[in-house]
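The listed protein sequences derive, respectively, from chains A and B.
The numbers in the numbering used here rise by one with no breaks, and the one at position 371 of the first sequence is 371.
The numbers in the numbering used here rise by one with no breaks, and the one at position 72 of the second sequence is 1072.
Be a bit skeptical, because a hint or two may be false.
To be verified - Result set (SDA-like, lysine to any residue): computed pairs, CA atoms no more than 25 Å apart in a straight line: (1) B/K1190 / A/N349; (2) B/K1304 / B/P1216; (3) B/K1304 / A/E366; (4) B/K1048 / B/A1132; (5) B/K1190 / B/G1099; (6) B/K1125 / A/N188; (7) B/K1304 / A/N134; (8) B/K1125 / A/K198; (9) B/K1048 / B/F1073; (10) B/K1048 / A/N349; (11) B/K1190 / A/R352; (12) B/K1125 / A/K261; (13) A/K261 / A/G160; (14) A/K362 / B/R1129; (15) A/K310 / A/R296; (16) B/K1327 / B/S1288; (17) A/K198 / B/T1219; (18) B/K1125 / A/A37; (19) B/K1125 / A/G371; (20) B/K1327 / B/A1132; (21) B/K1048 / A/P354; (22) A/K198 / B/A1132; (23) B/K1048 / B/G1099; (24) B/K1048 / A/V345; (25) A/K198 / B/G1289; (26) A/K362 / B/S1288; (27) A/K362 / B/G1074; (28) B/K1190 / A/T164; (29) A/K261 / B/D1080; (30) B/K1190 / A/N134; (31) A/K362 / B/T1219; (32) A/K198 / B/R1077; (33) B/K1304 / A/G160; (34) B/K1190 / A/H124; (35) B/K1125 / A/E111; (36) B/K1048 / A/E366; (37) B/K1125 / A/G160; (38) B/K1125 / A/R296; (39) B/K1190 / A/V345; (40) B/K1125 / A/H355.
Honestly, the hints are just simulated from the structure, not real lab data.
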Amino acid sequence: MSFRAAAPATTTIRLLDTEGRFVETDENAEFAAAARAIPDETLLAMHRRMVLTRRFDHAGHNLQRTGQLGLWVPSHGQEAAQTGSVFALRAQDHVFPSYREHAVTMHRGVEPMEIIAMYRGQTHGGWDPDERGNTHISTLVIGSQTLHATGYALGQKLDGDVGTGDPDRDACSIVYFGDGATSQGDVNEAYVFSASTKAPVVFFLQNNHWAISVPVAVQSPTPLVDRPRGFGIPSVLIDGNDVLASYTASVVATDHARSGKGPAFIEADTYRIGAHTSSDDPSRYRGDDELDEWVRRDPITRSAAYLRSKGVTDEQLAAFDEEGEDIAADVRRRTVALTAPSVDVMFDNVYREPHPLIAEQKAWLERYEAGYEGGAHA
Amino acid sequence: MSTTEQLFDYTLRSHPGAGEVPSDPTPTLPMAKALNAGLAAAMQADDKVLLMGEDIGQLGGVFRITEGLQDRFGPERVRDTPLAEAGIIGTAIGLALRGYRPVVEIQFDGFVWPGFDQITSQLAKMANRLPAHMSLPVVIRIPYGGHIGAVEHHQESPEAYFAHTPGLRVVSPSTPNDAYWMIQEAIASKDPVVFLEPKSRYWPKGQVDLVDGHVPMHTTRVARTGTEVTLVGHGAMVATLMQAAELAESEGTSCEVIDLRSISPIDWEPLLASVRKTGRLVIAQEASGFVSVGSEIAATVAEKAFYTMQAPPLRVSGFDIPFPVSKLEHLHLPDADRVLEAVDRALAY
């Protein structure tokens, strides 16, 4: 199975329609065969991940609205794109998220509270990639991480970890970014460098149609999936609200990269149901009709309908909702219990080797704080 | 020979032994060749060291600093990259996360800006986001400064931008011996280092001690002792200060010359000790003076040595203009006479 680079960009790979019915056509035949082979337990696990992510996302939103977080970036609507792709990864693969990929990061082992911590203002990072399924930390400058992923993937190749045929060794890196990011120079340079070096990197574009308030048409008059082809990178356009399409396309793309054939690109056509962040008001720039249409294409509803058609019971599905409620309650409890981080973190992590100016300023602040009972800011 | 003639004299010849560490333990080398030997030593000591940049492979870089290294270490470790500075820095960050030690060549000072976001927002700040066991050992080599008669964007002194950015270390050697040792120390550092190579000093020769010549890169060096005025600078300016000090001596004034070597962090104590002794400080730099490294030195010395000073710290800098056309660069770049004019003003207080 491979991407047909010559296929017109308007061909969208979709395996589940909006009612959750499995669709097989000439165009998606290769992907459909792979999707049919997905074990039921994987289908259930992907559905669970989507449900838990949405509930966690709503908890994060509510925590921001009640003043517990400085900011929240909602993932509502993009669960299928994220979940299908992360399920296609192997343990040894590396993940370079942007900042909205809650399904991806949590599936790789990032704790919900580690995501919360950044938006609470506790940390600029949040987790150790080595302990969280090779998931690198979020990048907030749009598109910068595509170059980091490309360099990392080049390192995987230099280490001989591509094209050996050993499924436990061959590795790739996957990088997540959005439609706004495709205009960045860094992203285009990542296409250039990865194609030039055949770095095993998968570019996973979540086109959610809006870069804050700017529609994707402002970024590009041509389909974004067409762009990487000009750089020599095979690409495919999928229905990003179809978890089966995301999963199967990601299996193809990651296999392509791990086998030593170089980078691959997936454009997942999806939609940001919520705001860009909690600081945004989407009613100022987009209409209800568009929103309603995308709510109708909801990825979780679609997945649930497909699972029911395969005999999964309402009780089984309801159990995921309950688990999501427990996670949300736990996150609420633990967020309000968080205390301010140690002042040490401001200074100690800036350099890895001793630095006299930082040491002097840290010592000064300690003396200054000690000069006030309970600290200057008590 | 003029500096420009030295440039072409060097770059249009090939250099026997390029890509190797010389067998003579105390060779006399130009800085260009000392850097080449330092890179070779670092690459043979650690196979995770990679060189990346534009034209650094078969050409050996536009200044031939990497000459012979691709032949010796192969195209995977000495990598000609696509022509995109953000791409070079950004992929170097990814390689560093993977455990490599990338040494990046930026072709000319004025070409670093397309990579500025990756340097300042990503490379410099990433350690602060990551757990303590992860580090970003990336070296960014930048040939910098004037005196080579070049077109625009080829003669700038960008050090203040990087020294202002927490998370980076910034150093600049002024001698072949320092160049040989400091590049190896920069490569071995766990922190990102902006390594500024004073391109007008690439060709004058100096003795390199390949055995005992190492002086830690973040230390200030007293290049010449004196009693009446302290002259401080870095990179190419150190040679100008030495020349000024000699001229001053012939006129009966004793100047001490301080070679900063490290711009971030600055090793203040030797400089402060000198100023406490002389009571007068002249700071010289090719960079524009407004909000510059010289400004920081003047402010810090005023704060820490105020009562020992006989005169305010004086700065001799490039003017606050875009680097001028090369036919006028001699008016822009501080020379010994402009340094001495400031020495006279300091003594007149």
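Worksheet item: Which hints, by number, does the structure contradict?
Response: Numbers 7, 8, 12, 17, 18, 19, 20, 22, 24, 25, 26, 27, 28, 33, 36, 37, 38, in rising order.
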